[in-house]
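K.L.:
Here the protein sequences line up with chains A and B, keeping their order.
Residue numbers in the first sequence follow the UniProt record's numbering, run continuously in steps of one, and reach 585 at the last position.
Residue numbers in the second sequence follow the UniProt record's numbering, run continuously in steps of one, and reach 85 at the last position.
Honestly, the hints are just simulated from the structure, not real lab data.
We put the beta carbon where it would ideally sit given N, CA and C, even for glycine.
Hints are supplied without guarantee of correctness; some may be wrong.
Per the computed footprint, the stretches of chain B lying under chain A, defined by three or more beta-carbons under 8 Å from a beta-carbon of chain A, are [claimed, not checked]:
no.: 1; stretch: 7–15
no.: 2; stretch: 21–30
no.: 3; stretch: 33–42
no.: 4; stretch: 53–62
no.: 5; stretch: 67–79
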Amino acid sequence: MDQFTLNLIVVGATFALYIGIAIWARAGSTSEFYAAGRGVHPVLNGMATGADWMSAASFISMAGIIAFGGYDTSAYLMGWTGGYVLLAMLLAPYLRKFGKFTVPEFIGDRFYSPTARMVAVVCLIVASITYVIGQMTGVGVAFSRFLEVKASTGLFIGAAIVFMYAVLGGMKGITYTQVAQYVVLIIAYTIPAIFISLQLTGNPIPPLGLFSNDVSTGQPLLQTLEGLVNDLGFKSYLNQSDTTLNMFLFTLSLMIGTAGLPHVIVRFFTVPKVADARSSAGWALVFIALLYLTAPAVAAMARLNLINTFWPNGVGGEAIELSAIEAGTNAKGQDITWVQNWQKTGLLTFDDKNGDGKIEYLGDKDANELTVNNDIMVLANPEIAHLPGWVIALVAAGGLAAALSTAAGLLMAISSAISHDLIKGQLNPNISEKSELLAARISMAVAIAVATWLGLNPPGFAAQTVALAFGLAAASIFPALMMGIFSKRINNKGAVAGMLSGLIVTVIYIFLHKGWFFVPDTNSFTDADPLLLSIKSTSFGSVGALINFVVAYVVSNATEEPPVEVQELVESIRVPKGAGAATHH
Amino acid sequence: MADKSSSNAYWSANIRLITISLVIWFIASYGLGILFRPMLAGIKIGGTDLGFWFAQQGSILVFLVLIFVYAARMNKLDREHGVEE
């Protein structure tokens, strides 16, 4: 059976499973549509949160970025896990106690202001749409290779699948679908990693393999890799090249962004009790850590295999022959057709600049003859390591599961913000439950269309686009939620001023570096030479958050105290006792 | 709802627990993984140093332990102050 047929069968079977679950668990009421009727066990909820949250950025993109960035990119690993500590301690239990459906609902009630609720809706939509663009990039990459179609066609197929189960199922459908997706994606991520770790180090546990000895040289794997990248003139894998300031702010931005992303927070509304909200965050991190502890091993090993493929005789010897790439077999008789296959997608390119019939992969930009898109590394990894066809097909299914599950969760958050917070909360409070559900489904369809269109022209690699979304959530939503719980003094004016200033400053900083509305060539600065010190646009979320905190504090202290009933609300969300099911207004 | 003084004591105990946890959270990631990495350069592990390990794996393990310890301590605190569900 050829690889294409195998991909179709494995990807098709997993999709049939997800859609089957979505239809089986169709939501009947608004409460089920948004929050799964609060009947979800913490462990299952943790798995679903894991799938919801680990997107194309984590699965497809992150290890590739680490493979080429080394130590500097550790911010992704720390940032995208450390946020769960903040969630478990600073937000999740209190928001569960509050007992409503959406993040803007909490902000609107706590800051006794429909304006605050509308500002939260805007912040949520800006961050979520940016996030979905990153997912669409990932979907495009995955489909372009595995279904052997153009990236744009892949994107349209993915959008149609997301539409089907998100629109039909609602939150309950998504929760059970996401449990299935978690299982698919974690198996797909770890199996090739185990194979490769065994090949390179003899250790079947990839996180341990990373710090073990390389079987071919007998010295530590990381030392072998560091030696190779140094010899080829690339930047160091182990040493820090980025500034400490930028690395610090980037990690912080990803952490508080994690705790401020509405589609993650909303997960904690679906557990039965306040105590479950705390442990759910822990379970989510257990399931996330399985991938995140494996990712740095995948990164280093993929880079090592890539270098060895293009330097089959060692870095001191001759580079790979162009004729070998064309034949699809190297001098050792190994199958290297993956190079040609990825070349067709346009995401891997080579050019024999010096005309010596060899492809030299070097750190020096002028002499280098090979360009590899970061986002292909994880997907190409099993092919590079000559793993069996079913493993390659499984990775395709896993990448798609990751991208689609997150896109669905985000679209859910966007649609509930529009139908529940904007239409029911503001424009038409007397809307019937049936019409509200219809509005939710229509806004989801519109959001999918917008995200697909923007996904055709993304501002960076999947994980970088997603990092921008985290910065936006960090600068706008997280500070308002945290202050709403931990301070009784922050009032409506302070919260609105804080959210708006954090969001606007961050959006402007991002647009100055990435182009206005991500339109190419409209930027005034680049991340290589940023406006402020060494702070890249992906790291600016922490600065935006700081501005948000300061503005909210100053404005609140200059204006009147919040009313007594709001102060009592804050008192009541601080203790678990008396948390019931979600209430309608 | 529990009476005011008990509820205040509950909240300050919670804040104390959060503060201690976040200090550990900070040291495991920003501290050992980034700021103090040069000071850990002498401690070698698998071809690199301890700071690299904390940045790529150690911090994640610390985060996991922190959340479960916090959840367990809070469950105990909830019962002691009679505010559990």
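K.L.:
Indicate, hint by hint, whether the structure satisfies it.
P.N.:
Hints, one by one, checked against the model:
1. Proximity of the stretch 7–15 of chain B to chain A, defined as three or more residues with a beta carbon under 8 Å from a beta carbon of that chain, is established by the 4 residues found.
2. As drawn, the stretch 21–30 of chain B meets chain A at 5 residues by the rule of a beta-carbon pair under 8 Å; at three or more, the given contact holds.
3. For the stretch 33–42 of chain B, the assignment as covered by chain A holds, since 4 residues bring a beta-carbon within under 8 Å of that chain's beta-carbons and 3 suffice.
4. For the stretch 53–62 of chain B, the stated coverage by chain A holds: 7 residues have a C-beta nearer than 8 Å to a C-beta of that chain, and at least 3 were required.
5. Counting residues of the stretch 67–79 of chain B whose CB falls under 8 Å from any CB of chain A gives 7; the rule of at least 3 is met.
Going down the numbered hints, you'll see the structure goes against none, and every one checks out.
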